[in-house]
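Chains as they are written, first to last, in this note's numbering: chain Y, 1 to 256; chain S, 1001 to 1291; chain U, 2001 to 2235; chain D, 3001 to 3357; chain C, 4001 to 4362.
In short, the hints are calculated from the structure, not lab data.
In silico SDA-like cross-links for lysine to any residue, where the CA-CA straight-line distance does not exceed 20 Å: (1) LYS106/Y to GLY3208/D; (2) LYS3338/D to ASP146/Y; (3) LYS3204/D to LEU112/Y; (4) LYS3176/D to GLN4105/C; (5) LYS3030/D to PHE3198/D; (6) LYS1118/S to LEU1050/S; (7) LYS2075/U to PHE1186/S; (8) LYS4231/C to GLY4210/C; (9) LYS1162/S to TYR2114/U; (10) LYS1286/S to GLN2130/U; (11) LYS2075/U to ILE1163/S; (12) LYS3171/D to GLU4106/C; (13) LYS3204/D to GLY123/Y; (14) LYS3204/D to ARG122/Y; (15) LYS4170/C to ASN3153/D; (16) LYS3204/D to ILE105/Y; (17) LYS3165/D to GLN4105/C; (18) LYS4173/C to ASN3153/D; (19) LYS2018/U to ASN2209/U; (20) LYS2229/U to GLN192/Y; (21) LYS1087/S to ASP92/Y; (22) LYS1086/S to LYS2052/U; (23) LYS3204/D to ASP146/Y; (24) LYS1175/S to THR2066/U; (25) LYS2129/U to ARG1168/S; (26) LYS4018/C to TYR3052/D; (27) LYS1175/S to VAL2104/U; (28) LYS4290/C to GLU1116/S; (29) LYS4041/C to GLY4051/C; (30) LYS3341/D to ARG120/Y; (31) LYS2178/U to GLY250/Y; (32) LYS2006/U to ASN2063/U; (33) LYS3176/D to GLU4106/C; (34) LYS137/Y to ASN3349/D; (35) LYS3204/D to GLN91/Y; (36) LYS2107/U to ILE1163/S; (37) LYS1087/S to LEU3316/D; (38) LYS1118/S to ASP4028/C.
Computed from a predicted structure; not experimentally measured.
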Amino acid sequence: MAYLQVNGITKRFGGIVAVDKVSFEVNEGEIVSIIGPNGAGKTTIFNMLTGVYTIDEGEIIFDGCAIHNHKPQEVVKAGISRTFQNIRLFQDLRVVENVLVGTHIKTKYSFLDSVLRTRRFRGEEDEKVLTAIRILKSIGLDDRRDDYAQNLPYGDQRKLEIARAIATGAKVLLLDEPAAGMNPQESAELLQFIRSLQKQGYTIILIEHDMSVVMNISDRIYVIDHGKPIAHGLPKEIANNEKVIEAYLGGVSTGA
Amino acid sequence: MIGQQIFNGLTLGMCYALLAVGYSLVFGILRLVNFSHGSIYAFGAHTALLLVSMNLGIVPAVLLSLVFTGLLGVLIDKTALEPLRKKNSIPIASLITTIGISNIIQNLLTVFFGSEKKAFPALFNFGVISIGNIQITWTQICICIVSLGLMLLLVLVVKKTKIGLAMRGCEQNPKAANLMGVNVNFVISFTFFLGGVSAAIAGALISGYYQIVYPNMGYMAGLKAFAAAVLGGIGSIPGALVGGLLVGVSESMAATFLGSTYRDCMAFVILIIVLIVRPNGLFGKKGITKV
Amino acid sequence: MLKVEKLHTYYGNIHALKGIDLEVNKGEIVSLIGSNGAGKSTLLSTITGIAKAQSGTITFKGNNITNTAPYHITKTGISISPEGREVFPSLTVEENLRLGAYIVNDKKKIAEGYERVYELFPRLKERYKQSAGTMSGGEQQMLAIGRALMSNPELLLLDEPSLGLAPNIVLQIFDLIKSINSQGVTTLLIEQNANMALSVSNRAYVLENGVVSMSGDAKEIAADPRVRKAYLGHA
Amino acid sequence: MNGKERKENKSQSVKKNFVYYIEYNVNLYKVPLAILCGVLLLVFPKIISDRYILTISVKIGIYIMLALGLNILVGYTGLVSLGHAGFVAIGAYTASLLATKLGFGFFLSILVGMVVAALAGLLLGLPTLRLSGTYLSIVTLGFGEIVKTIAMNWDSVTNGTLGVKNIPSPKLFGIKLTIANHGLYYLMLAMLLIVTVFCYLVYKSRTGRAFLAIKTDEMAGTMMGINVTYYKVLAFVLSAVISAVAGALYATLIGYIDPNTFTFDVSTLILSIVILGGMGTIRGMFVGALILISFPEVSRSLMDYRFVVYGLILILMMRFRPQGLLGWRSQIPYRLSKNVKKQLEIDANQYQESSSL
Amino acid sequence: GNKGKTTSGDSSSAETIKIAVAGPMTGDNAEYGIGFTNAAKMMADEWNKKGGVLGKQIKIVQYDDKNSSEEAATIAQKIVSEGDIAGVIGHFSSGVCLTAAPIYQENKLVEISPSASHPDYSLVGDYIFRNNTVISAEAAASIDIAVNDLGKKKIGIISIKTDWGTNTSKIIKELVEKLGIDGVSIVAHEEVVEGSDDYSPAITKLNQAGADVVICAGMYNLVAPVAKQYKQINPDIKVVGFSNSYSQQLIELGGLAIEGVCFPVIFFSESKDEKIKNYVSAFEKEFGNKPSALTSQAYDSVGMLLSAIEKAGSTDKEAVRNALAEVDYEGVTGQTKFDENGNVNKQFVKVTIQGGKFVKMN
Ligand SMILES: Nc1ncnc2c1ncn2[C@@H]1O[C@H](COP(=O)(O)OP(=O)(O)OP(=O)(O)O)[C@@H](O)[C@H]1O
Ligand SMILES: Nc1ncnc2c1ncn2[C@@H]1O[C@H](COP(=O)(O)OP(=O)(O)OP(=O)(O)O)[C@@H](O)[C@H]1O
Ligand SMILES: [Mg+2]
Ligand SMILES: [Mg+2]
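The task is simple: from the sequences and hints, build the whole structure.
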């Protein structure tokens, strides 16, 4: 069985079937993209994967355990973390604090430890701060460490969301349109960064409308339309798939 | 006796509903709990009293007091709340501001009118009707009719008119509403005017019913009406009506069966029970939080 | 038609616009490109009156509209699809569009407006009763653009209209810009997707750190090596 | 290159900042400043032994504690409580009933008061989990009113409207601590110190960060693995316990409590202190309480206009400083511990070595 | 400066003698506190015209406790800290008095409350006095009116849920039981809270229980609406109140509904007594309204305190206390002398309302 196995998940909102019996699988260390027209149900799939929505049918199996309908915080603990389509940083916190919040579940000291400032508290706290700073370095945000998240430019906010997701210690990262609002040069940089994450062993599921990113980085691509899967395969295959071109790509050059 | 108490409770509930509408109107546009509403209500009642004592005749006096109280609402918005909106300050700053306003109004009323209870002329005092062994006064009937009429009118304004749409737009996203050509500050001030008018109507009716006014009169009534508004789903006018009636009747029942000393917390007990089952009140919509 | 002169805008002590001069003539499509945080959205905010200009003037059709209230500016015939979509989340799609036509009093015009938007974005028609806040990101973007069209503007300001839209819809948006332009609607366009933006524009401005660093014919700008390197992703 | 440029820009803009100067210097001289404040507070009763002023000082101290308690809910976690008087009442009643009816000592009864308040916090925290914003606020308001009603009607235990009279002064090593012998003042100082340090320690830990995360974006917080339920309830409990402590002290200060001691006005007063001082900060609570508690005292001559002016103060403060008097974001860099700094240096050296290789 | 201040109390260096009046000057019961102050000022003026006391002018200093216990505790601290106050007239309600009294006792400052009626109040200590009857005396008078003057047997009680109201209703019940008059009984007792003007549930219950007379333990602002609302469902009901409802506002607020309401008072402003007539007209001229019973008790309280100071020959706290304990004072509220607990005994006048006026019952 694959690392992450999704079998026939379905989500309805009133009369709308937002996601209709979608199945896919992701292997460890892969970058898999999910693409499809607006309102196809991509974000909804992420919401189901991370426990924001309960699923109406189907199952999600991660690393051998069923995780569907678990609470979001349990899903994170299991090792899946995400970013949001609309940026949701802790705007009033500093950059480094945002990442520290991410380390929350990996922190073990108790409430009493923190009130008594035990050695365990100090040791662990130092370690987490260090982890946070190292993550920021790797993503190129180290020099903005003391800034408040709110004051970051858009692109940096996107990066910080990723940094925060990494800090949870998750092995699977779900990125929802990370390149939105970036210009071609910036998305090229992002592309590099995502590649480097893959090298570090992360498994990545990506939602993106920017084909220059998707086609360049994905190991495999799933395409959904109206909540239903319509195609999947290697980037090249998808770029030339008639159905996909009709429903989604139009005449756009895919850069693949 | 129970029938009588239920009816008394309904009248009381209508009074709460009238007040609750004011909370809902303002909340419905600013997402702000206007803690000065109870004081505005007291202001309306005192203005009516003052004008009545000037021998204008009761109807013109009451009508004038509606205008004055409505203008007070506008004044509050323009002087205290609009500047906060301009600065995009945190919501709770507005809340504290309304608490400050409430202090000012209530204490100024005390300064000018004295803190003691004063007599207010009876309104609609046309006698009593008996249905079975329930006695209903005309005052009670008129309170119900006026309240229902007012609420119907407000629902129509909010749901069916252009300014009503603008009001809902302002609540959801004032910046976008402004960009769509809505004069947001005007719409908000207008809402405060409506809120003030509804408070003054409540002030005149309730004072005419109990024939008592005093500066503190809006305190407990205001809190309970606020509870009623939330109970119904704050922001919703039908919710305010149902919430008000529920609070009124349960209070009356509590006073009958548990004793009058329990009545003040009854509104809150009912409220908590309802909210545990329905976290957004009876008619409240769930806030949209798509991830 | 729109003229911006020596415009300065601050956010607190952040100097976001440092003396912008810009002009949009009637019937043109003008593009505004520049990297993140350059001040593009701030310029649109200042034109629409959301942000306050510290100094400088903005004239529209010969009238000075600097620092007038947004609702007033809308009435003069400017309409915007703002950054971040700014839909009314609890209102339905239809109510959102109705608010877009707030300044229009002619019932027939409003009906035509609905028709035009629904034709353009059939998805909105399908979902006209859905609360805007529950729509997907791209659907909300369509709604924001549709809403901006509802008031029959003379000048349309579009802040990154292609953001979050599927490739085929992006094409459609650019077709739309061209087609409404041919109906006489002037457009000022902000895009990250500079390639496409420049291809439909007559002229373009490049913004860097709150100043205009370059301006001119769209084709010339697109051919400029510095622009190509910095914004078009070509080496 | 690019990064370096940015950094320079940043440090430039930071240097201009007034808040930065204050914070920088306070941070630099924090030890002497702390000693100075400590000494001043300790000798205060020796300089000004006027009982009235001491009574007010103790009252201010109590309200600082109350504000610190409420701050955990409102300032850290973003849950606006309008019924805090309820927790104060629980602490005050439990402690003073135990002291008067069962003859418990002050410190023991305060401990029981804390436990009871913690249970009440739990009780209130749990059902409010599904609620947010105004809905939560009104439930807390209702809680305050219900506590008041219980205190008023449960005659056999609380004495109803007659209240609890002759609440004894605390005793320490057989010495009665009163205003007259300054004992109550020093007791207040000690308790205030403990509460303040406690709040600071909680704030600067993962608990504090979890609170803040929930406040800014609950959903994002959940996605970081924060157990929102647990932390919200924890905030309620901590807040309740601190309020109970302050409430018990208050009861012995006044010597008499009745249900009307704990009205909605008390709740809004505490809330006003939190907001006025600057919510989410500890320093703000001190300034807020100092202003709002001493104002009615210094302005007695205004008579009827006293609370008109009070209202005006609230409005003007909100208008000109909605974030609160001392409610600013820290501008000095995030403090790193020595160990972290050392480790970072090692990191940097390694990096240099590896790149120079 | 502070030290000088504390000693100035018993030294003769001060130019004036200060008397504190403490009570609700703002807020809900402000009319009482202000009444106290007015009465005190009038009494002080009378003395000052005659040359003051001990050759010094008398100054009345007003303190606002908002009728709240916590404010009163602070205020009392403030008064004792002033150091040059010769005595305190006040605090208004019993509960508030009970909070403040221990502070005065501890600092040996004389307090005379014109209004406290709770039995425990004067037991706080030997510096604590009252110029008001203990509640049981007044309750007995009210019951007397209900049973003997009105000839009713089924008594209903409606009481305000405050310490005073709770205590009063308890005492009424005990007294009726103790009296054991044939056929006389309490048929129902309902408590009501402040802040709500709707008393119909309580009234309906009393009416169901068949009460033919209602003793209303509350101030004028309870008696008037209760009478009004009760008469709507039972026009024959008789209402008996207490002396604190004796106020012009009762008539203004109650209108026709309070015709026939009765209550016992110590002080009756329509009295034919020459002394009282003069006092009432002087008061009315000065302040525009007639003095209420409690106001008049405050007036006499100041007179007693000043007599005591004069008799003691100094403002020495202990001397004043001892002199006060001995004073036998002829005032507008009758001949007054404190007993060993600091309480007084007074004659009650029974008053009713007829044609919108207070008249003596016959
Ligand atoms: N809470 C909801 N209530 C009703 N409909 C919803 C809700 N959430 C999502 N939908 C609908 O479900 C469909 C799928 O939405 P989703 O956000 O998953 O789309 P998406 O594929 O992410 O699109 P985009 O690329 O535009 O972000 C949309 O049509 C949307 O309107
Ligand atoms: N509300 C605000 N408060 C403070 N600073 C702001 C605010 N909005 C924008 N800024 C700052 O002003 C500058 C210009 O921002 P603006 O949003 O106009 O850029 P932009 O060109 O539209 O960028 P993007 O491509 O990211 O949309 C940036 O440095 C940004 O950080
Ligand atoms: Mg999406
Ligand atoms: Mg922008």
